[in-house]
Amino acid sequence: MEKSLTPHGHEAVHPPTTTGEDHRKVLMWLFLASDVLFFGSLIATFVAYAQRVPHTPLHEVFNIPITSWSAFVLLMSSVTMALAVWSAHSGKMGLMRIYLLATVLLGVHFLADQGYEFYHFTLDGFTPRVNPVGSAFFTLTGFHGAHVTVGVLWLFSLFLASFRGGITPKNAIWVEIAGLYWHFVDVVWIVIFAVVYLIGASFY
Amino acid sequence: MAVSAGTLRRPAEGGLWSTVWEWLTTVDHKRIGLLYFWTVLFWFLLAGVEALILRLQLARPDAGVLTPAVYNQLYTMHGTLMVFLVGTPAASVFANMVLPLMIGARDVAFPRLNALSYWVFLFGGILLNAGWLAGGAFDVGWTGYANMSTRPFTQSIGANFWVMGLIVLGLSTMASAFNFLVTIINMRAPGMTLMRMPLMVWALTVVFILVIFAFPVLTVALIFLWFDRFYGTRFFDVAAGGNVFLWQHLFWVFGHPEVYILILPAFGILSEVIPTFSRKPIFGYSTMVLAMGAIAFLGFSVWAHHMFTTGMGPVGNFAFSLSTMLIAIPTGVKVFNWLATMWGGRIRWRVPMLFAGATVLLFILGGLSGMMHASPPIDSQQQDTYFVVAHFHYVLFGGLVMAMFAGVYYWLPKLTGRLLDEGLGKWHFWLTFIGFNLTFFPMHILGALGMPRRIYTYPAEAGWGGLNLLITIGAYILALGILVFAYNLLRSLRKGEPAGSDPWDGRTLEWSIPSPPPEYNFEEIPVVHGRDAWWEQKRQRRVAPVGGGSNGDPHAPGEGHQPGPGREVIHLPKPSIIPLVLALGLAVAGVGTIYHPAVIALGLAITIGAIVAWAIEPPLQGAVHSKE
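Heads up: the protein sequence lines correspond to chains F and A, in order.
The C-terminal position of the first sequence is numbered 194 in my numbering, with every residue numbered one higher than the one before it.
The C-terminal position of the second sequence is numbered 1632 in my numbering, with every residue numbered one higher than the one before it.
Read the hints as simulated data drawn from the structure, not as lab findings.
In this text, a Cβ means the ideal position worked out from N, Cα and C, and glycines have one as well.
A couple of the hints might just be wrong.
[Claimed, not checked] Short derived list, chain F residues pointing at chain A, Cβ under 10 Å:
#, residue
1, V16
2, F128
3, I167
4, Y171
5, L188
6, S192
[Said to hold, decoys possible] Okay, the calculated beta carbon distance ranges per label pair:
#, chain 1, residue 1, chain 2, residue 2, range
7, F, A72, A, A1619, 21 to 31 Å
8, F, S80, A, P1194, 30 to 40 Å
9, A, L1497, F, G10, 53 to 63 Å
10, F, F153, A, R1543, 33 to 43 Å
Modelling step: build the complete structure from the supplied sequences, incorporating the hints.
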């Protein structure tokens, strides 16, 4: 947050940092380290309950092909995100906008899939209120969805800011940091998909 | 805004309102540190008053001062306040007051985020306590065990405020931790390698690492409780298959690292005060750092010793007993190092050193009873008795709060420019020390006799009346000591002896600049060549103003540093009201979750508006020159 998104003539010269890394980048790494524990606790809770508590048969509720597709979509968004960071660093602003927008659209696609999935789970009687496993499942995947939503809004605001000259090769760091966040959220989904959807469905 | 030297004593140019506005919009870590300090002091006094009322009720058997319901609310809020509004923010108080000064930085990495942390802390604290005004505070104990704290068993609105307040406070604590970790990682003066950092900085580093890993777990537990209470999820609903151990595990996975979050700032303070007043470098610097690292690592592997009596079985009990006993080793290393630092030193028993010495003593006593709890068979005798109450008051009051007093006497003059009175300080010390031991030592005996904690009264036949009366008398002697402290504080602001830049013949960089420091801290960023950087510079250049109380600054700040290029352009962070607005938005949304969705929407609207404004607002004001 040392520099503003829009240039107001306040291009301050910062003293070099101890590590040579930008403050904001270090902050993001620390935040992600902390977020691991957040998702870790949520996943642990799901696993603990899914193994022990009588609950809705998950393998009947889950639609693995659809979730596989949305996992694939989210993974592909990591590819476009990486390309957006690369374009920003190489000064290819037009290309960067295309990749940012592609990432946003893939993220929205994922969220739409999640909404569809939640709707059908509820129709099948699997809700946050039905049993502790339902509570754990919806809280875990819901908070992941919230993370994706924040990422989508963030990337879209970078996309908009790029038209006002807010993103230049000199402060491509903004795209890079958003990228760190986005990749992390993707990695978390890989764990959730594997542990909750593939393994978790066989617990009970 | 002109740059002037004062932090506290800056003349108010536009009257009262402009002074208030300056404090509301400040992004200066020193001012934020003072805001934290006064706020924490307020919660400390409130928690103390709650404890004094509890002691009136317990002074004699079958007393009727309090109803059981109010008693439960008072002990719950006393514990919650002391842990979350006094102990946990201790790290933020001292980090804001001195951490950038100790590492030779001009501010923290994210000044506006720092202001946000404070305002969220303030509003979170108010939210946490609001239950008193809304019809009854939380009454399940500070550990908030679910399912006791779920709606079927606790309908009171105080529980809702407790949950929301702690979630909001967690955000503040984590934001502060991120900010200071980046500051420590990235803003050290040239030459200030990790192994040259003052031990206070190391202690705070370890605290903030613990915070960023422990608080997310608490947040998850609180979210579960929140959803169960508000939205009908079934995390802790036993009838639906929920398990009450879920809360206990999550809470203590947070809760035991939290114990070290509370005590490590105290270790840092001791590691600064003891060498300074013994006139010796700290003994075993690198073992001190390693010991803190070991405490942090082991701290995450001992949580279930809080659950020995829940029937985990012999394997679980054994494993957690072992790891708990292991953690005594690094702690012992630290105690021996402090003693070795004092050994052969020319000790000056000024007030900070009195408190530091007493802290070592009391912490050893608290640590020994802690070792007894590490053994499951002994623990099952002591569980939920006053023996446990005695133990954690010895470590948290005898350890943390006494060390905080040492830190306040030592460092507050750096920010206010005025020393606290030595004579009043000694009254404060002795009243507190005697009152403390009278209050908490007999609790060991009561616990051994079998008096359970968290009971609102006891029958005369139990034979606990005499000791309880003694405890109550001790508590009021302790309170008298705190009153003397409060008076000493207020008096020092107006009549205190001017501190001068280096009243204690300090070792670290904060003593190389005036008291109070200029807004930009250092005219020139110092270059560090070893540990105890300021001692080193004074020895080499013979500019040491030994002893306290010199009025002016005999040497201009920066003279002891490497010669710089003359006038240096400094970009100061711009004061901003946005952190306050953002914090307010979060608090409003928090209240909304309790009362009405429309209020949530309002709070979120304020929050999002503030975030947008934050992104657009230029964070720096124009260049100012350091030598005017």
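Taking the hints in turn, this is what the structure says about them:
1. At its closest, the beta carbon of V16/F sits 5 Å from a beta carbon of chain A; the interface hint therefore holds under the 10 Å criterion.
2. Interface restraint check for F128/F: the shortest CB-CB distance to chain A comes to about 8 Å, inside 10 Å, so the restraint holds.
3. The closest approach between the C-beta of I167/F and any C-beta of chain A is roughly 13 Å, which is over the 10 Å cut-off, so the hint fails.
4. Interface hint status for Y171/F: violated, as the beta-carbon distance to the closest one in chain A is roughly 14 Å, over 10 Å.
5. Nearest Cβ of chain A to the Cβ of L188/F: about 23 Å, over the 10 Å cut. The hint is violated.
6. Annotation: interface hint on S192/F violated; nearest CB of chain A at approximately 18 Å, more than 10 Å.
7. For A72/F and A1619/A, the Cβ-Cβ distance of about 24 Å falls inside the hinted range of 21 to 31 Å, so the restraint holds.
8. As the Cβ distance of S80/F to P1194/A is approximately 33 Å, the hint placing it in 30 to 40 Å holds.
9. The given range of 53 to 63 Å is broken by L1497/A and G10/F, whose C-beta atoms sit roughly 42 Å from each other.
10. Take F153/F and R1543/A: their Cβ atoms lie about 59 Å apart, and the range 33 to 43 Å is violated.
The structure shown violates the earlier hints numbered 3, 4, 5, 6, 9 and 10.
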